[in-house]
Amino acid sequence: MTKMTYRDALRSALRQALRSDPRVFVMGEDVGRYGGSFKVTYGLLEEFGPERVRDTPLSESTFLGAGIGAAIGGMRPIVEIMTVNFSLLALDQIVNNAATLRHMSGGQLSVPLVVRMATGGGRQLAAQHSHSLEGWFAHIPGIKIVTPAVPADARGLLLAALGDPDPVFVFEHATLYPMEGEVDEEAGPARIGEALVRRSGDAVTLITYGGSLGKTLQAADQLAVDGIEAEVIDLRSLRPLDIATVLASVAKTHRAVIVDEGWRMVSLAAEVSAQIMEGGFYSLDAPVARVCSTEVPMPYAKHMEDAALPQAATIRETVTEMLRAHG
Amino acid sequence: MTAERAVPGLDRDHALALLRQMILIRRFEEKAAELYTVGKIRGFLHLYIGEEAVAVGAMQALTSDDSIVATYREHGQALARGLPAGSLMAEMYGKANGCSRGRGGSMHFFDVSRRFYGGHAIVGGGLPIAVGLALADKLQARAGVTACFFGDGAVDEGEFHESLNLAALWKLPVLFLCENNLYAMGTALTRHQSQIDIRRKAEAYDLPADAVDGMDVLAVEASAQAAADAVRRGGGPFLLELRTYRFRAHSMADPELYREKREVEEWKACDPIAAFVAKLGERGLLGAPDVVAIETSVAAEVEDAVRFAEAGPWEPVEDLTKDVYTPAEP
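Respectively, the protein sequence lines represent chains R and H.
Throughout, the numbering used here is defined as the position within the first sequence, counted from one, plus 46.
Throughout, the numbering used here is defined as the position within the second sequence, counted from one, plus 40.
In case anyone wonders, no lab produced these hints; they're calculated from the structure.
All C-beta atoms, glycine included, are put in the ideal place defined by N, C-alpha and C.
Don't take each hint at face value.
[As the list claims (entries may be wrong)] Covered, in the sense of this in silico footprint (three residues per stretch, anywhere, with C-beta under 8 Å from a C-beta of chain R), are these stretches of chain H:
1) 132-145
2) 163-176
3) 199-208
[Said to hold, decoys possible] Listed next, with one range per pair, are the computed distances between beta-carbon atoms:
4) R:Thr48 <-> H:Ala244: 15 to 25 Å
5) H:Val304 <-> R:Lys85: 54 to 64 Å
6) H:Asp105 <-> R:Lys348: 50 to 60 Å
7) R:Asp331 <-> H:Asp294: 52 to 62 Å
8) H:Arg302 <-> R:Glu341: 53 to 63 Å
9) H:Val304 <-> R:Val342: 46 to 56 Å
10) R:Arg65 <-> H:Leu360: 39 to 49 Å
11) R:His349 <-> H:Leu360: 43 to 53 Å
12) R:Pro187 <-> H:Asp105: 45 to 55 Å
13) R:Glu93 <-> H:Cys310: 56 to 66 Å
14) H:Met225 <-> R:Gly239: 34 to 44 Å
15) R:Pro187 <-> H:Leu297: 36 to 46 Å
16) R:Leu242 <-> H:Leu360: 27 to 37 Å
17) H:Arg154 <-> R:Ala172: 49 to 59 Å
[Claimed, not checked] Under the rule of at most 30 Å between Cα atoms (straight-line distance), these lysine-lysine pairs were calculated in the DSS-like manner:
18) H:Lys308 <-> R:Lys85
19) H:Lys241 <-> H:Lys308
20) H:Lys178 <-> H:Lys211
21) H:Lys178 <-> H:Lys80
22) H:Lys241 <-> H:Lys71
23) H:Lys241 <-> R:Lys85
Assemble the whole structure, with the sequences as input and the hints as a guide.
Below is the structure:
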């Protein structure tokens with residue numbers, strides 16, 4: 047095991063893939079000379095050259111579509127879209143092509159494409175640079191969505207994405223890049239579609255993913271001081287969604303709170319809540335609760351942004367109130 | 041615009057083959073329209089009638105190593121590429137023996153074995169895929185050109201400009217084939233483009249371009265061959281504008297309020313099939329019995345296609361979610 051940052055763990059997976067598979071190449075805005083806007087691809091241009099680490103024009107739709115074409119043409123492209131905010135310019139290629147080509151061709155094609163992008167708020171970047179839209183993408187059959195929350199998963203889920211025959215979108219919460227953690231560089235890929243219990247408890251199940259895992263674990267530690275032991279589930283993959291792990295936990299704790307940085311309305315949290323209702327209704331001692339972002343375009347001012355995003359304090363208050371009302 | 045070039049080696053057999061392909065497309069689509077009116081074919085049906093010289097001429101420049109990306113008006117390209125007419129008719133029926141197993145319909149013909157990478161129904165959406173296929177060829181040092189068909193409407197889309205730029209920047213082997221039929225659905229070219237000379241768009245991205253009379257199959261063939269040769273020499277992409285006209289409505293649902301009947305009639309006077317028959321007759325390469333023989337053989341092929349579609353099985357509903365994802369390897 048090696049201690050490394052989330053950013054370095056991603057680079058470790060990229061480097062391993064580029065070294066071991068000549069079909070793999072990386073393309074995106076500023077992934078080469080600049081070294082990656084989040085420094086994930088730093089040094090790869092020098093090591094692997096401009097044919098395999100390709101700086102693209104600011105044409106998100108076209109370089110993502112070119113990734114689809116290259117994937118069906120026998121390559122294993124890794125497309126970096128700088129942030130989810132810019133992926134909106136490529137939505138047509140994602141929704142109408144990447145997700146459909148296999149099915150629409152009657153199974154003649156697979157699209158082994160990996161798309162990486164930063165997501166999330168919390169950096170005072172205001173309304174156009176703070177989106178947390180992975181829940182939207184999880185709506186679409188034909189693609190897979192993974193959300194590594196710790197460095198080991200950054201490496202393991204990216205390797206899994208590379209080994210997958212279908213399009214996999216890796217959402218990297220932008221606040222996580224400097225996060226340090228233990229990573230086994232000898233470990234193989236993680237399994238896509240497998241949630242993990244990050245903390246055991248019996249009083250309530252806290253379900254989260256990506257950038258909200260840290261806040262949720264922090265809230266769980268604070269609740270433990272109050273004598274409330276929360277179980278924390280890291281979904282890791284939003285599509286496929288490992289609802290079995292969630293339901294098994296809810297069967298034990300009888301309470302569920304979902305923490306999701308997406309807006310509350312029509313959110314991933316809403317989907318998880320619905321699936322708990324469908325599969326675990328009779329286990330529940332309290333209505334499912336959600337801690338999501340406030341329904342507002344992200345404000346710039348720090349105190350306002352903090353108020354808009356899920357925080358450890360709001361998670362803790364939600365649990366405390368749930369236990370008070372439905373203890 | 042390219043003046044008509046002499047086609048080296050144009051012999052009777054080749055001329056008859058071109059004519060047969062155009063007539064096959066025409067009769068196949070007339071049958072499809074008929075089957076649409078009786079409900080055998082549903083959804084959207086966009087006919088290519090009038091534009092046959094474009095697909096047939098351009099396809100002559102491509103080999104089996106080349107890849108093709110087409111639009112939702114792709115029956116002509118599919119037939120000219122050699123996809124069996126029966127598999128196309130069955131696809132429009134929604135049958136399991138269709139070329140896309142009934143999952144695509146008229147707008148989404150695929151045959152990966154023939155490197156026919158689809159009918160794409162979002163205008164402009166196929167161009168980036170063509171760029172990517174060409175990138176894959178280049179990175180794998182495969183010889184091959186990716187031919188990307190799209191209409192004048194696609195020129196309005198950002199992806200047209202982005203794709204020309206990226207393909208030129210990376211010197212990728214893409215043959216961009218703009219089928220300019222003067223209408224983006226119902227909006228005339230003069231009403232959707234500030235610069236209606238489409239080949240001039242290429243100047244901005246520093247790639248070579250040409251325009252050709254898309255109603256003349258020999259001119260299309262010669263221009264496409266020259267363009268494909270330029271791409272094969274490794275210089276990067278080429279934009280070829282094929283000036284043509286669709287005789288039928290945009291789709292079966294279109295009452296054609298946006299164009300004058302007189303305009304359609306004027307273009308029908310340039311019918312690519314009639315014009316080619318006349319030209320071959322003048323050159324002494326074709327006689328009336330040849331046309332009869334082609335019509336007879338095409339009619340039989342279209343009948344066979346309908347029979348194949350009628351006899352095809354429906355995919356069981358239990359398979360509904362098959363091929364959303366690739367099955368795990370055992």
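Original post:
Within 46 to 56 Å or not, the Cβ separation of Val304 (chain H) and Val342 (chain R)?
Top reply: holds, 54 Å
Original post:
Taking 30 Å as the top limit, are the C-alpha atoms of Lys178 (chain H) and Lys80 (chain H) close enough?
Top reply: Violated, at roughly 43 Å.
**OP:** State, for the Cβ atoms of Val304 (chain H) and Lys85 (chain R), whether the hinted interval 54 to 64 Å holds or is violated.
**Re:** holds, 60 Å
Original post:
Does the Cβ pair Asp331 (chain R), Asp294 (chain H) satisfy 52 to 62 Å?
Top reply: With a Cβ separation near 59 Å, Asp331 (chain R) and Asp294 (chain H) satisfy 52 to 62 Å, so the hint holds.
**OP:** May I ask you to test the hint 34 to 44 Å on the CB atoms belonging to Met225 (chain H) and Gly239 (chain R)?
**Re:** holds, 41 Å
Original post:
Has the hinted range 56 to 66 Å been met by the Cβ atoms of Glu93 (chain R) and Cys310 (chain H)?
Top reply: holds, 58 Å
Original post:
Counting residues of the region 199-208 of chain H whose CB is closer than 8 Å to a CB in chain R, do you get three or more?
Top reply: Held - the region 199-208 of chain H has 5 residues with a Cβ nearer than 8 Å to chain R, which meets the minimum of three.
**OP:** Indicate whether the distance between the beta carbons of Arg302 (chain H) and Glu341 (chain R) respects the range 53 to 63 Å.
**Re:** holds, 56 Å
Subject >> Verdict for Leu242 (chain R), Leu360 (chain H) (Cβ pair) under range 27 to 37 Å >> reply: Hint holds: Cβ distance 31 Å, inside 27 to 37 Å.
Original post:
When you check the alpha-carbon spacing of Lys241 (chain H) and Lys85 (chain R), does it fall within 30 Å?
Top reply: Distance of about 36 Å is beyond 30 Å: violated.
Original post:
Is Lys241 (chain H) within 30 Å of Lys71 (chain H), Cα to Cα?
Top reply: At roughly 37 Å apart (the allowed maximum being 30 Å), Lys71 (chain H) and Lys241 (chain H) break the hint.
Subject >> Outcome of range test on Cβ distance (Arg65 (chain R), Leu360 (chain H); 39 to 49 Å) >> reply: holds, 41 Å
Of the numbered hints listed earlier, those contradicted by the structure are 4, 12, 18, 21, 22 and 23.
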